[in-house]
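Residue numbers (my numbering), protein chains in the order written: chain X, 1 to 200; chain C, 201 to 450; chain F, 451 to 778.
A few of these clues could be false.
[To be verified] Taking lysine-lysine pairs in the DSS-like style, the calculated list, with each CA pair at most 30 Å apart, reads:
1) X:K191 with X:K178
2) X:K169 with F:K770
3) F:K473 with X:K120
4) X:K193 with F:K717
5) F:K682 with X:K91
6) X:K169 with C:K394
7) C:K342 with X:K160
8) X:K191 with F:K716
[Stated by the list, open to error] Facing chain C, a subset of chain F residues (Cβ under 7 Å, in silico):
9) A516
10) G520
11) T524
12) R525
13) P527
14) F529
15) M536
16) V539
17) V543
18) Y638
19) G642
20) Q646
21) G759
In case anyone wonders, no lab produced these hints; they're calculated from the structure.
All residues carry an ideal CB built from backbone N, CA and C; glycine is no exception.
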Amino acid sequence: MASLDPRVNRLPAIAESVSPKAPLDQFGTFEVFVQPKEGKPFQHEGIVHAPNLEMAYVLAKEAFTRRFTCTTLYVVDTREVFASPMTEGEKNSYDFIEDVPAEGGAKVSFEIYHLTKRGKQHMHVGSVKAGSPREAMVLAKVKFNTSKVVYNVWAIESDKIRFTSEEEKELWLTLPEKKFRDASDYKGGDKLKDFLERQN
Amino acid sequence: MSIALKELLYKMADDQLILGHRNSEWTGMGPLLEEDIAFSSMAQDKVGQSLALYTLLNQLGESDPDTIAFTRNANQFHNCVLVELPNQEYDFSLIRHFLFDTAEALRFEMLTRSSYEPLAQLATKIRGELRYHTLHANTWIKQLGSATPESIGRLQKSLDYAIPYALGIFEASPHEDDLIKSGVFEGEQKLKEKWMAKVESIITQTSLHLPDWNLAQPLFGGRQGKHSEHLQPLLDEMSEVFKIDPTAEW
Amino acid sequence: MYGGGNTFEGIKTDSIALEDPIKLAEFEARIARGEKIEPSDWMPQLYRKQLIRMIEQHAHSEIIGALPEGTWITRAPGFKRKMSLMAKVQDEVGHGQLLYSAAETLGKPREQMIEDLINGKSKYSNIFNYPTFTWADCCFISWLVDAGAIVNQLANAKGSYGPYCRALDRICAEESFHLKYGHHCVIYLASGTAKQRQMFQEALNRWWPPMMHFFGPSDKISAHTEVLMRWKVKMGTNDDMRNQFLDMYVPKIWELGFTIPDPNLKKNPETGRWDYTEPDWEEFKRVINGDGPCNKERLEVRRIAEERGRWVREALKTSKTAYVTPLA
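Same shape as in the complex, but just chain X (with noise of 0.2 Å):
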């Protein structure tokens, strides 16, 4: 291949491929949680797709948090979180949670996300202790459950979640300095504006 792109140039020939790839060939989905800033709560970003939980968050740190601010991040198997029905309006669907007797044996903590706007981001909202997703849900809707209208509710087991260790959070040392990634370093005001005064 002849090409402008000399990085092309230097690609290898390569046959075409004889086994077509498997439809669903690909890995897991994981879910990404940042925190912009200090204080803010974590907010949902999007997925990568990993391997495993490791390679997730490994993935996800540059996807998700290469640009603007960021403090730090988490990143959890799609398949343990745990969602409520999706509400419209003024229907809270905690409102469609229906309480279930407290559950016997060993409590673990989950962490409570909210939608409260839809087409926006679901937002952190603090942790339950209990014995399962659906009582997480019902302690969520006590401890949780406000007068702002909830439009979905997600609980993830804390211990399923690969989250940023204290000492990592060095990871983003230098972000607010990688200016070249920020439209604000790039002022040509003045040279346009010399420029205009040269062509009078």
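We have chain X; now place chains C and F onto it with these hints.
Frame of chain X, contents of chains C and F only:
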């Protein structure tokens, strides 16, 4: 002292620039989308780190970073040969990333204690970037180094090929003693020992094996400006637009 | 970077009659109220199908769009441009990743979309089938193709599908750097040496016709999209988008003293809209159907990238995780 310090800064900066340039070639062509993004970020970090080092050199009286980076010929570059080798397949690019970045992270970690204050400050500042690079490299090597016969075979072959070049990272400077005595840098030998231990600690968690260090022959020369046939074409390509008019602002 | 245009050709609205009328009415009322549709909501088949098609094309355009600018990634002049261009091209890949995820919420896995791209089954923005001969072509894309894409994306971000809106909010925020960077590059060429000015003028001459094609065929000849407008899948007509772009950027190009290669281009004081020579829609169709200067290379590069990465993906596959549709 100034000569020794500049030599150290030049070789580090050249390493970072050339490897950053090589790794950027994968942008848009990586093996999976998320990895494409991650690898590109690390290439950007490397070029950014080289810029920071050239800026230190500029403060010591050398030319401005663009002139240094875009107008020298291959024999004026002090990078190790490892970083200038073509990317080949992703196995080699990953192995090189692992071997080089392990050394780089350790070097900067040592330099946080440098008596040359601006370098110590830089080393402290970029520790988070380096932590990510080694986290990324280690995670990938552990994963692919224990996965399928094909991935293990590919990584092993690339590892065998890369090791002599990787040992070339630690080619001693003629000013080694000065650097050590003045507390600027603890020296290539010490770095190499730390590096071997670190590389071993990761590789032993995989199905890969390292060569006998005593038998491995380092490939030196890069630090003295003696390069493979690959560097000059890389530089010609890198400076193609810049050299249309080196006095122009682009 | 996405221009639209070829997305909705030949849509068949027959299937709407087969939908449950009560659910359809609720769905349409929800959109009319300005509420977003989320993946777990009921939606008409046609809505799902057209959204997948549109978001998928958008994602492909990002991935393929990384190639013409990537052509200059190893040659960017100077540190500042080198780092910026790397970050800019990387963002395009990142946008692809975000958009594929949004399309996946509608039920089509990413690998299947990539497969369809490589096999030529799905389209991407036509403009990336043109070559970047010089650094100035690369600057043209960074500034003006991205500008065109932003016009389109800002409109689409007000659309009805939640996951697409979320992706676009993020993408538009990131694109502000692209636009500023691209304009910065062009200001430097414009105010530089005679050679630099000439480079950009030549790039402008080459890229203006595909830029006019970018927003898709004229409303006079493009397919009927009334239902898609009502469902807020399509947010503006092709001509509206083109006009908005001309309004915002023609003055900026002229300000730099460049000549746009269309003698008929001027703002009509009576209509408030731009007059221009009708773009060659036959060429547009020809290129979209595979016969452009770079179609073959773009897909071939993508195919080689996939094939070279195959062993990596094979090695990483494990039964411990499973593909599931993203939640949001």
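A quick look at each hint next to the structure:
Distance check on the hinted pair: K191 (chain X) and K178 (chain X) sit about 23 Å apart at the alpha-carbon level, within 30 Å; holds. A threshold of 30 Å between alpha carbons decides the hint, and for K169 (chain X) with K770 (chain F) the separation of about 28 Å falls inside it, so the pair holds. The straight-line distance between the Cα atoms of K473 (chain F) and K120 (chain X) is roughly 24 Å, inside the 30 Å bound, and the hint therefore holds. Only pairs whose Cα atoms come within 30 Å are accepted, and K193 (chain X) paired with K717 (chain F) is accepted, the gap being roughly 25 Å.
For the proposed pair K682 (chain F) and K91 (chain X), the alpha carbon gap of about 23 Å is at most 30 Å, so the pair holds. For a cut-off of 30 Å, the pair hint linking K169 (chain X) to K394 (chain C) stands: about 25 Å separates their Cα positions. Proposed proximity of K342 (chain C) and K160 (chain X) is supported: the alpha carbons are some 21 Å apart, at most 30 Å. Between K191 (chain X) and K716 (chain F) the alpha-carbon distance is near 27 Å, which keeps this suggested pair within the 30 Å criterion.
The interface hint given for A516 (chain F) is met, as the beta carbon of that residue sits about 4 Å from the closest beta carbon of chain C, less than 7 Å. Checking G520 (chain F) against chain C: minimum C-beta separation of about 4 Å stays under 7 Å; hint holds. Look at T524 (chain F): its Cβ gets to within about 5 Å of chain C, closer than 7 Å, so that hint holds up. Taking 7 Å as the C-beta contact cut-off toward chain C, the hint placing R525 (chain F) at the interface holds, the least distance being around 5 Å.
Look at P527 (chain F): its Cβ gets to within about 4 Å of chain C, closer than 7 Å, so that hint holds up. A least Cβ separation of about 5 Å between F529 (chain F) and chain C falls short of the 7 Å threshold, and the interface hint therefore holds. At its closest, the beta carbon of M536 (chain F) sits 5 Å from a beta carbon of chain C; the interface hint therefore holds under the 7 Å criterion. With a cut of 7 Å, the hint placing V539 (chain F) at the interface with chain C holds, because the nearest CB-to-CB distance is about 5 Å.
Because the smallest distance between the Cβ of V543 (chain F) and any Cβ of chain C comes to about 5 Å, under 7 Å, the interface hint for this residue holds. About 6 Å separates the beta-carbon of Y638 (chain F) from the nearest beta-carbon of chain C, less than 7 Å, and the hint is met. For G642 (chain F), the shortest C-beta to C-beta distance to chain C is roughly 5 Å, which falls under 7 Å, so the interface hint holds. A least Cβ separation of about 6 Å between Q646 (chain F) and chain C falls short of the 7 Å threshold, and the interface hint therefore holds.
The interface hint given for G759 (chain F) holds, since its Cβ lies 3 Å from the closest Cβ of chain C, which is under the 7 Å cut-off.
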